[in-house]
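Visitor: Going line by line, the protein sequences match chains F and Y.
One point on numbering: in the numbering used here, the residue at position 103 of the first sequence is 114, and numbering is uninterrupted.
One point on numbering: in the numbering used here, the residue at position 25 of the second sequence is 27, and numbering is uninterrupted.
No lab work stands behind these hints, which were simulated from the structure alone.
Wrong hints could be hidden among the right ones.
Example chain Y residues on the side facing chain F (calculated, C-beta under 8 Å, incomplete) [claimed, not checked]: (1) Val18; (2) Ala141; (3) Gly182; (4) Thr202; (5) Leu206.
Across the chosen pairs, the derived CB separations fall in these ranges [to be verified]: (6) Y:Tyr102 <-> F:Asp21: 35 to 41 Å; (7) F:Glu227 <-> Y:Ser107: 27 to 33 Å; (8) F:Glu106 <-> Y:Glu132: 41 to 47 Å; (9) F:Ala33 <-> Y:Arg28: 32 to 38 Å; (10) Y:Glu132 <-> F:Glu187: 22 to 28 Å.
C-beta atoms are modelled at their ideal positions from N, C-alpha and C, and glycine is treated no differently.
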Amino acid sequence: MTTPGHPLLDLSADELLTTTRAVRKRLDLNRPVDRSVIEECLRIAQQAPSASNRQHWHFVVVTDPAKKGALAAVYAKGRATMLANRLAAATTDAERADVEARAAAPDEFSPKLAQAPALVIPCIEGQRDAQPYASQAALWGTIAPAAWSFMLAARARGLGTVWTTIHLYHEREAAEILGVPYDEVMQAALTPVAYTIGTEFKPAKREPLGKMTHWEGW
Amino acid sequence: MTTSGHPVLPLSADEVLTTTRSVRKRLDLDRPVERSVIEECLRIAQQAPSASNRQHWHFVVVTDAAKRKALGDLYLKARLEGQATRAARTFKTEEQASIYPRVSSSADYLGERMGQVPALVVPCIEGRIEKQSFSGQAALWGTILPAAWSFMLAARARGLGTVWTTIHLAYEREAAEILGIPYEEVTQAALIPMAYTVGTEFKLARRDPLESMVHWDGW
Chain F
12 MTTPGHPLLD LSADELLTTT RAVRKRLDLN RPVDRSVIEE CLRIAQQAPS ASNRQHWHFV
72 VVTDPAKKGA LAAVYAKGRA TMLANRLAAA TTDAERADVE ARAAAPDEFS PKLAQAPALV
132 IPCIEGQRDA QPYASQAALW GTIAPAAWSF MLAARARGLG TVWTTIHLYH EREAAEILGV
192 PYDEVMQAAL TPVAYTIGTE FKPAKREPLG KMTHWEGW
Chain Y
3 MTTSGHPVLP LSADEVLTTT RSVRKRLDLD RPVERSVIEE CLRIAQQAPS ASNRQHWHFV
63 VVTDAAKRKA LGDLYLKARL EGQATRAART FKTEEQASIY PRVSSSADYL GERMGQVPAL
123 VVPCIEGRIE KQSFSGQAAL WGTILPAAWS FMLAARARGL GTVWTTIHLA YEREAAEILG
183 IPYEEVTQAA LIPMAYTVGT EFKLARRDPL ESMVHWDGW
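Using the sequences and the accompanying hints, generate a full structural model.
Guide: Okay, structure coming up:
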């Protein structure tokens, strides 16, 4: 596995971890992505840990144009639902104006999902409302690291991804499109997979470390 | 950031992604972990994505002996209480079932020693996850968990071992009290012990065939 078939960018592990950006505008929608490179990334994803080593993760990979189009429509609808919810929850005029501006702006990203060479939906066997809450943490703690490893492995191969969740406002519709058994399996995210336009990405500006780190206590 | 202050193992990016194992028995409990190396890993973790770029993640790092012991006691209590559930566990494949006793014995070992691991790290996210819609929950988990995994990968690159655990969350409120975390506003996502590893050689793990988890163009 460590001698892959697909060319790797010349990135150290630290560079990989610090330059895997959320890629939206720099997705090359015209360049095909081989099934074999996606499989290579998935084999790497499988090396992530899973709760009790159950490996009850799943990845749905969509390349069929009709299904990609249908998922893009679910995503666009999810965006509208999210904005409507935010508008309803807004408590100030400034917040309302902000949400309305976003709603009025053209949705440039959703149509790209229909055109992306592949969409990947990481899923996990389990119940959305599993109780106690600790057992949900174990489900998410199984699928999320594997999904992130997949995206890191993709970046190492010149592919861009972006972690999105808003299609989950209408998860059941996505499950129907994909044949995912909704009652037994929950979807965790949706990412497009495409080669990036250029492979140079920089570390992002982040808040000072002190803001998010708490030594010995909050 | 990519010119690290702490020595980095000569591992390729793929090697880091494929050899970051759940380390329990090979945690070096006697070797202290410097604050600066933990900070280096956290700076790398910060480069993960967050929902709407809100960066509302937090990491509580515990090296204080009394607090580690208190967290370790909670972890062991949850571990012992889970015995019946574990005994009844079923697996998809015989191979998974045959590996499980080893995983379990390793977890028993850690259960007895959690409080002695040099550093305990608790990734947290602002908001109570269980109060959100499912989509909102996914956005919160999708913010804190990639950052936590990046932290663990960065640790591995520096010769540090970690293991993702969640069972202390059965006593999340008690853990919040020990750590002063505002429980009503902040959700804990995991408990990650961290120590230098005994030896730095780790192999790929056996995994189920790819076909059992990949679905092309539909389930």
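Visitor: Now tell me, hint by hint, if it's right for this structure.
Guide: Status of each hint after checking the structure:
Annotation: interface hint on Val18 of chain Y holds; nearest CB of chain F at approximately 4 Å, less than 8 Å. Evaluation of the Ala141 of chain Y hint against chain F yields a held restraint, the C-beta minimum of about 5 Å falling below 8 Å. The closest approach between the C-beta of Gly182 of chain Y and any C-beta of chain F is roughly 4 Å, which is under the 8 Å cut-off, so the hint is satisfied. Taking 8 Å as the C-beta contact cut-off toward chain F, the hint placing Thr202 of chain Y at the interface is violated, the least distance being around 13 Å.
A distance limit of 8 Å between C-beta atoms decides the matter here; for Leu206 of chain Y the minimum to chain F is near 6 Å, and the interface restraint holds. In this structure, Tyr102 of chain Y and Asp21 of chain F meet the distance hint of 35 to 41 Å, their C-beta atoms being roughly 40 Å apart. The supplied range of 27 to 33 Å is met by Glu227 of chain F and Ser107 of chain Y, whose beta-carbon atoms lie about 32 Å from each other. With their beta carbons about 25 Å apart, Glu106 of chain F and Glu132 of chain Y fall outside the hinted range of 41 to 47 Å.
For Ala33 of chain F and Arg28 of chain Y, the hinted distance range of 32 to 38 Å is satisfied, since their beta carbons lie about 35 Å from each other. The hinted range of 22 to 28 Å is satisfied by Glu132 of chain Y and Glu187 of chain F, whose Cβ atoms lie roughly 26 Å apart.
Comparing the model with each numbered hint stated earlier shows that hints 4, 8 do not hold.
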